[in-house]
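K.L.:
In order, the protein sequences belong to chains W and F. The opening residue of the first sequence carries number 1 in this note's numbering; numbering runs sequentially from there. The opening residue of the second sequence carries number 1 in this note's numbering; numbering runs sequentially from there.
What the hints contain is simulated information worked out from the structure, not anything from laboratory work. Careful: at least some of the hints might be erroneous.
Said to hold, decoys possible - Straight-line alpha carbon distances no greater than 25 Å define the calculated PhoX-like cross-link-like pairs of lysine-lysine that follow: (1) F:Lys121 - F:Lys100; (2) F:Lys198 - F:Lys3; (3) F:Lys198 - F:Lys185; (4) F:Lys121 - W:Lys35; (5) F:Lys217 - F:Lys18; (6) F:Lys185 - W:Lys16; (7) W:Lys16 - W:Lys100; (8) F:Lys121 - W:Lys16; (9) F:Lys121 - W:Lys100; (10) F:Lys185 - F:Lys217.
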Amino acid sequence: MSLLESSQLLPSRRFKTLRTIMALILREMSTTYGKSPGGYIWAVVEPAAGVALLSVLFSLAFRAPPIGSSFSLFYATGLLPFMLYVDISRKIAGSLAFSKQLLFYPGVTFVDAVIARFVLNYITQILVVLVVAWGIIWMEDLQLILNVRAIILAVLMAGALGLGVGVMNCFLFRRFPIWVRVWAIMTRPLFLLSCIFVMYDHVPEPFSNYLWFNPLVQIVGQMRSGFTPPIAPITSSRSMSSAWPLRFLSSVWRC
Amino acid sequence: MLKLDGICKTFRLGNRQKVVANNISVVFPSRTSVALLGRNGAGKTSLLRIVAGTMRPDSGRVVSDGTISWPVGFAGSFHPELTGAQNTRFIARVYGVDTKNLSAFVEDFAELGLHFHQPFKTYSSGMRSRLAFGVSMGIHFDTYLVDEVTSVGDAAFREKSKAVFNARLETSGAVVVSHSMSMIKAMCQAAAVLEGGKLTYFDDVDEAIARHEENMKRAAPV
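Just chain W, with the same shape it has in the complex (with noise of 0.2 Å):
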């Protein structure tokens, strides 16, 4: 017994927060896909995968997108920042369920495990952007000029969405669990009022001026701004869609 003593297991005080957040993260990646070969590379691949072959699917039944010249682009440019504002607040709106019996170790808090899902979902999902985003320029060749500052902005706010509408759903879930299905039920026509599919210019006068209060309008707007050929001028008031998020953050901080 001669490790008892050993003044290595005294527990530390220093960097606390930092510790959790990278043993949650940590744990997470390695429960994540652990089953499967090649382990948390597929929390990228998967969604990278699904994206690409909606956009291959969709370029073959549709011969022109409404702007630019490449449909697949014009999918996967609506689509990515919508997937990534979905999958963010639907992990961090389940992470005390993830972490619930981790709550029990005074070391581990509930924002420890809101923060620590929110890194790696974010990181994650990053990485699904670059690759998709990336693999159809280079396949189909296409001849761009990146506004960079545009598409990072825009995973900021749709980043900054999830993390508002997650931490939001995380409190309501459990207070009220019929919030669960009305949640869902609410936001299922949300794929097909997003401007995934269509431009918001085109969209006629009295329906426009409603999607305008979609924060994910917005969103996917920033983002088609990003590639150019402008895809999509001006249809994305940063204002509007980063204080969505702010606005669900602060109703949950009242609390």
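We have chain W already, so just place chain F on it with the hints.
P.N.:
Just chain F now, with coordinates in the frame of chain W:
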């Protein structure tokens, strides 16, 4: 030193209220094992969780100048897909102890052999408790929380566990919940009786046990 300062905690059961802690203020000295006595449902486990920091009191605070463990022997947080070694490393990271050292200690202590590197879900219940107890003992806390530790393993392993825990208690304190008075007499130097939301601290264990048994003869306070 572990100090509870004006702790209040009330649970709502339907429209009735159950008071677990009614303005409890007490100081547990360092390096002292304190038994926590009380009838079933008096709130011993809740109080332990408040001390551990996993349950928030309605008011009041817990102050400690040292580190506090999670209830010793808790296995519920081990992930079934991860191996014993991976689960051990996770806890080492959370508590900031050296992962290699803790793994080495647990591997040697828990006597799991090759199973240490197999998924936790394949373990028998005895192996699970040995791993959990090993991880608890591996980290050197200033205060250990013990909630009804049931003896695990064969006689030899029990002897070893007892020896290691006693070695730990030479330099650390503990808060022990148990219904076994013989174990409490053997382990603890002081005791506190929880009854009707009030905690009474005794420097003498026998005195506390006498008070507790007196309480048990009466009906539970509402």
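K.L.:
Taking 25 Å as the top limit, are the C-alpha atoms of F:Lys217 and F:Lys18 close enough?
P.N.:
21 Å, holds
K.L.:
Could you grab the alpha-carbon distance between W:Lys16 and W:Lys100 and see if it respects the 25 Å cut-off?
P.N.:
19 Å, holds
K.L.:
Quickly compare the C-alpha distance for F:Lys198 and F:Lys185 to 25 Å and report which way the hint goes.
P.N.:
22 Å, holds
K.L.:
Please verify whether F:Lys198 and F:Lys3 have alpha carbons no more than 25 Å apart.
P.N.:
Given pair F:Lys198, F:Lys3 holds - Cα atoms ~15 Å apart, limit 25 Å.
K.L.:
Are F:Lys121 and W:Lys16 close enough, with their CA atoms no more than 25 Å apart?
P.N.:
29 Å, violated
K.L.:
Can you confirm whether the C-alpha distance between F:Lys185 and F:Lys217 stays at or below 25 Å?
P.N.:
Distance of about 21 Å is within 25 Å: holds.
K.L.:
Mind checking the alpha carbons of F:Lys185 and W:Lys16 for me, to see if they're no more than 25 Å apart?
P.N.:
36 Å, violated
K.L.:
Decide if the proposed pair is consistent with the structure: F:Lys121 and W:Lys35, CA atoms, cutoff 25 Å inclusive.
P.N.:
14 Å, holds
K.L.:
Under the criterion that the straight-line Cα-Cα distance not exceed 25 Å, is the pair F:Lys121, F:Lys100 satisfied?
P.N.:
Answer holds: F:Lys121 to F:Lys100 is near 23 Å, not above 25 Å.
K.L.:
Does the structure keep F:Lys121 and W:Lys100 at a Cα separation of 25 Å or less?
P.N.:
Within the cut-off at roughly 18 Å; holds.
Taken one by one, the earlier hints fail for this structure at numbers 6 and 8, listed in ascending order.
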